[in-house]
Amino acid sequence: AYYSKIKGVKTYSIFFTRGEGGQNEIGSDLYDELGTLRTNETLEAAEILGSEVIFLHFPDFGFSKTATETFSKWKTRDSVVARLVYARRTLKPDVIITNHDTITMKPNRQHGNHQAVGISAFEAFQKAADENYYPEQLSDGITTWQVKKLFFRYTGRDTTINKDSIVSIDVTTKDNDGQSIEQVAMTALGKHRSQGMDKFTLDSLPSFFRQHKYYLVRSDKNYSFDPADLFSGI
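Here this note's numbering = 1-based position in the sequence shown + 1176.
If you are wondering where the hints come from, they were derived from the structure by calculation, not from laboratory data.
Quick caveat: nothing in here was measured; it's all calculated off a predicted structure.
Every residue, glycine too, gets a C-beta built ideally from N, C-alpha and C.
Heads up, a few of these hints could be off.
[What the hints assert, rightly or not] Restraint-style ranges between C-beta atoms, simulated for each label pair:
(1) Lys1375 to Phe1407: 19 to 25 angstroms
(2) Asp1351 to Asp1374: 30 to 36 angstroms
(3) Thr1212 to Gln1322: 33 to 39 angstroms
(4) Gln1302 to Asp1208: 14 to 20 angstroms
(5) Ser1204 to Ala1404: 24 to 30 angstroms
(6) Lys1397 to Glu1312: 25 to 31 angstroms
(7) Pro1311 to Thr1242: 28 to 34 angstroms
(8) Arg1394 to Gly1238: 28 to 34 angstroms
(9) Asp1205 to Lys1339: 23 to 29 angstroms
(10) Val1229 to Arg1386: 20 to 26 angstroms
(11) Thr1242 to Leu1219: 29 to 35 angstroms
[Stated by the list, open to error] With a cut-off of at most 27 angstroms between alpha-carbon atoms, the simulated DSSO-like pairs for lysine-lysine come out as follows:
(12) Lys1324 to Lys1268
(13) Lys1324 to Lys1183
(14) Lys1367 to Lys1350
(15) Lys1249 to Lys1303
(16) Lys1350 to Lys1375
(17) Lys1183 to Lys1389
(18) Lys1249 to Lys1350
(19) Lys1397 to Lys1339
(20) Lys1389 to Lys1339
(21) Lys1389 to Lys1186
(22) Lys1183 to Lys1367
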């Protein structure tokens, strides 16, 4: 919301699944029907945020404890990374942020699907720019692409992270309609009714959702650092 509405940046939101393996807080629809419901909720939220949604169409099969299990359900680790690489080569983003880190950095902390996302995001950084990685993707105008920066979400729990790599987004900034970015985000979050997100207020929202900090994980070269801007130096 901040970069779309304040900075005028073209933004995308990439989702690995449609959430069909979860629970439904508002009705009896489950599995494919729940996936359709959550897809519509996601599109409604993205319209508020000013983001274009991309689905990678991996199946949500319920809770997973490990990335290994998730990759096996999604075929192979390499095929998952390859699908993300194709999305990057197509969309050509300069900066990527993700809420999910890698199992190598925080073992067994997250849902296996989330671990797989973090691992894929990390590995795809270099592979999207490698002309020898899935060269068959490079046709019909699709070219290799080097992302400039990759950020993981910072929750404050890892004290080993270099403080000079952490960027904080000012969500009190107001858009052209006079709404703060935090208010915009809350309105969008409320669209996810099947997950019970419409029941939250800013005061009751879990602290994780209110931490808008990201730390630099990979970059293609050294850029000047600005603790308030993910795009500094680009």
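Each hint, compared with the structure:
1. Lys1375 to Phe1407: 19 to 25 angstroms: 34 angstroms, violated
2. Asp1351 to Asp1374: 30 to 36 angstroms: 21 angstroms, violated
3. Thr1212 to Gln1322: 33 to 39 angstroms: Between threonine 1212 and glutamine 1322, where Cβ atoms are some 36 angstroms apart, the hint holds.
4. Gln1302 to Asp1208: 14 to 20 angstroms: With a Cβ separation near 36 angstroms, glutamine 1302 and aspartate 1208 fall outside 14 to 20 angstroms, so the hint is violated.
5. Ser1204 to Ala1404: 24 to 30 angstroms: 46 angstroms, violated
6. Lys1397 to Glu1312: 25 to 31 angstroms: 29 angstroms, holds
7. Pro1311 to Thr1242: 28 to 34 angstroms: 31 angstroms, holds
8. Arg1394 to Gly1238: 28 to 34 angstroms: 31 angstroms, holds
9. Asp1205 to Lys1339: 23 to 29 angstroms: 45 angstroms, violated
10. Val1229 to Arg1386: 20 to 26 angstroms: 23 angstroms, holds
11. Thr1242 to Leu1219: 29 to 35 angstroms: 30 angstroms, holds
12. Lys1324 to Lys1268: 10 angstroms, holds
13. Lys1324 to Lys1183: 18 angstroms, holds
14. Lys1367 to Lys1350: 21 angstroms, holds
15. Lys1249 to Lys1303: Distance ~22 angstroms between lysine 1249 and lysine 1303 Cα, so the pair holds.
16. Lys1350 to Lys1375: The given pair, whose Cα atoms are some 24 angstroms apart, holds under the 27 angstroms limit.
17. Lys1183 to Lys1389: Holds. Lysine 1183 to lysine 1389 sits at ~17 angstroms (cutoff 27 angstroms).
18. Lys1249 to Lys1350: 43 angstroms, violated
19. Lys1397 to Lys1339: 19 angstroms, holds
20. Lys1389 to Lys1339: Given pair lysine 1389, lysine 1339 holds - Cα atoms ~11 angstroms apart, limit 27 angstroms.
21. Lys1389 to Lys1186: 20 angstroms, holds
22. Lys1183 to Lys1367: OK: lysine 1183 and lysine 1367 at ~24 angstroms, within 27 angstroms.
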